[in-house]
Amino acid sequence: MLSVERVDFSYGPVRALREVSLTVGGGEIVALLGANGAGKTTLLSVISGLNQAQRGAVKLEGRTLNGLKPSALVRAGLVQVPEGRQVFGPLSVEENLQLGAYCRRGRQQRAQVVRDFERVYDLFPPLAKRRRQAAGTLSGGEQQMVAMGRALMAAPRVLLLDEPSLGLAPLVTREIFDIVRRLPSQGCSVLLVEQNAMGALSVAQRGYVLTNGGIRFTGTATEILNDRLLREAFLGPEHQAGPTDGRP
Amino acid sequence: MSGWEQLSQYIMSGLTTGSIYALAALGFCLIYNATHIVNFAQGDFISLGGLMMYTLLGAAGLPALLALPLAVAVVAGLGVVLEAAAVGRAKSREITVLIFITVAASVLFRGVFKEVWGKQALAVPPLSPDVPLKLLGATFTPQNLWILGITLAAIAVLIYFFNHTLTGRAVRAVAINPKAAALMGIDTRRMVRLSFALAGALGALAGAIITPITTASYNVGVLMGLKGFAAAVLGGYGNFLGAIVGGLSLGLLESLGAGALSSTYKDVIAFVVLLLVLFVRPRGLLGGGEETRV
Numbered sequence: 003m004l005s006v007e008r009v010d011f012s013y014g015p016v017r018a019l020r021e022v023s024l025t026v027g028g029g030e031i032v033a034l035l036g037a038n039g040a041g042k043t044t045l046l047s048v049i050s051g052l053n054q055a056q057r058g059a060v061k062l063e064g065r066t067l068n069g070l071k072p073s074a075l076v077r078a079g080l081v082q083v084p085e086g087r088q089v090f091g092p093l094s095v096e097e098n099l100q101l102g103a104y105c106r107r108g109r110q111q112r113a114q115v116v117r118d119f120e121r122v123y124d125l126f127p128p129l130a131k132r133r134r135q136a137a138g139t140l141s142g143g144e145q146q147m148v149a150m151g152r153a154l155m156a157a158p159r160v161l162l163l164d165e166p167s168l169g170l171a172p173l174v175t176r177e178i179f180d181i182v183r184r185l186p187s188q189g190c191s192v193l194l195v196e197q198n199a200m201g202a203l204s205v206a207q208r209g210y211v212l213t214n215g216g217i218r219f220t221g222t223a224t225e226i227l228n229d230r231l232l233r234e235a236f237l238g239p240e241h242q243a244g245p246t247d248g249r250p
Numbered sequence: 004m005s006g007w008e009q010l011s012q013y014i015m016s017g018l019t020t021g022s023i024y025a026l027a028a029l030g031f032c033l034i035y036n037a038t039h040i041v042n043f044a045q046g047d048f049i050s051l052g053g054l055m056m057y058t059l060l061g062a063a064g065l066p067a068l069l070a071l072p073l074a075v076a077v078v079a080g081l082g083v084v085l086e087a088a089a090v091g092r093a094k095s096r097e098i099t100v101l102i103f104i105t106v107a108a109s110v111l112f113r114g115v116f117k118e119v120w121g122k123q124a125l126a127v128p129p130l131s132p133d134v135p136l137k138l139l140g141a142t143f144t145p146q147n148l149w150i151l152g153i154t155l156a157a158i159a160v161l162i163y164f165f166n167h168t169l170t171g172r173a174v175r176a177v178a179i180n181p182k183a184a185a186l187m188g189i190d191t192r193r194m195v196r197l198s199f200a201l202a203g204a205l206g207a208l209a210g211a212i213i214t215p216i217t218t219a220s221y222n223v224g225v226l227m228g229l230k231g232f233a234a235a236v237l238g239g240y241g242n243f244l245g246a247i248v249g250g251l252s253l254g255l256l257e258s259l260g261a262g263a264l265s266s267t268y269k270d271v272i273a274f275v276v277l278l279l280v281l282f283v284r285p286r287g288l289l290g291g292g293e294e295t296r297v
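Going down the list, the protein sequences come from chains L and R.
Residue 3 is where the first sequence starts when you use my numbering, and the numbers rise one by one after that.
Residue 4 is where the second sequence starts when you use my numbering, and the numbers rise one by one after that.
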């Protein structure tokens, strides 16, 4: 589905990504883990076209995406949910969702967009009750739902989720991760970027660990969880106690 | 003339100039919300609107129904050019640099207008024949009604556009959060350009409808643009409803102030009230909330 091949990226003289490669298969949830500053958000910005890779390729179903504008990427089926929700605060929930479907304005797509509204409200029941409410007045968890619902309105094949649990209470985090788990059955693969490694690995099948701009380790969720060295080195000492945090 | 008749006369003329200030203020708001800059060429949009009407309606003899949309389209085009050739092309994203680009553009525009139309005042024919009308003791011309009607229509179109069309919501989304808007596949640059086109169109409308009263010239819009800026500040800079309220209040203040004291002081009265309001409410009458921003 999505493949990132040996991508390099620098901010001026500062090398932020070194030969990063990863793949996300159809119907898969893949976690991208790493400490603050490891390059996770930079990698996402390269994948979603906000930054252009200096070397390497980003491909979706074999088609090279380098150099495409964000609008073309959205049409191709690659949509990012930005870190910190970034909802359009003064606009209503419904208007936010409608803007998510901005690239699907064609006549033929109208019926499908209407169906997708209902699909999103089914997936996020709290939003259905707040259609007319300004998105900025919702709770953090609800705003995360708006951000995810807005992205789903673009009918993505691959969803890039940047730190969905950031700043959310554990209970709300669990609720969000439960919804993430249901996305592959809706025809949407997920690349989940998280600092909350335990939470992310509880929903992902596979994961990549990013440090200093390079992939340090890759494996199944269980392999990453069971690698004691890895846990200590990359996921932080607080996770040594065992894989309980963030699990439902 | 009785006091009552005088009052309604002042109100009528206040609403007329206030409409122009409101249109100019809306233009300032549109560009501010899209780019966070003050567009100092807004007054030149007004001048060009009037000059185009002089040429199309007066010299070329086109019917008003054709001349007005043409004038609006030309100035909207100038707005797009300002964004595409200068503001959007600048290497720097520094606000002060971008604002200065609009100052430079304004000087350039005025120079070109002076070359093309000369320095003298040009008479622009009214949209319909001048017959004096009387209402509640106030004497006015059909042009006053055109000004009020066209301003109301422009405001109605803007409200519909921003609240009920996907493109209008996309412009608002770009104003609220350009990065998130880009991630939704919205072409942010195009939306900014659209804001410049709309600001140009509003300026053109203002110039086209006021110049039959004031006459047109290469710099007729400069002072009106400045008043529009003041009106936008008075209402709360960037606030859509504030621009309308600010524009009409400023027009009424000027007119009533001139009537109560002397027309010599009409600008002074308006600006003193503006300063007083800003001392008490630095964000303007309706400023501060994100809700009504467009």
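I should point out that these hints are in silico values taken from the structure, not numbers from a laboratory.
In this text, all values refer to a predicted model and were calculated from it rather than measured experimentally.
A couple of the hints might just be wrong.
As the list claims (entries may be wrong) - Part of the chain L face toward chain R, derived, beta carbon under 7 Å:
1. V76
2. F90
3. S94
4. E97
5. G102
6. Y104
7. C105
8. T139
Unchecked claim - Using C-beta positions, here's what the derived DEER-type ranges look like:
9. V116/L to A88/R: 20 to 26 Å
10. Q56/L to L281/R: 23 to 29 Å
11. K94/R to G189/L: 39 to 45 Å
12. P66/R to G86/L: 39 to 45 Å
13. G221/L to A93/R: 47 to 53 Å
14. R133/L to R284/R: 30 to 36 Å
15. S12/L to R96/R: 18 to 24 Å
16. L281/R to T25/L: 33 to 39 Å
To be verified - Selected chain L positions facing chain R (in silico; Cβ < 7 Å):
17. P72
18. Q82
19. P84
20. L101
Ideal placement from N, C-alpha and C gives every residue a C-beta, glycine not left out.
Query raised in the report: Which of the numbered hints above does this structure break?
Result: Hints 3, 8, 9, 10, 12, 16 are the ones this structure does not satisfy, whereas the remaining hints hold.
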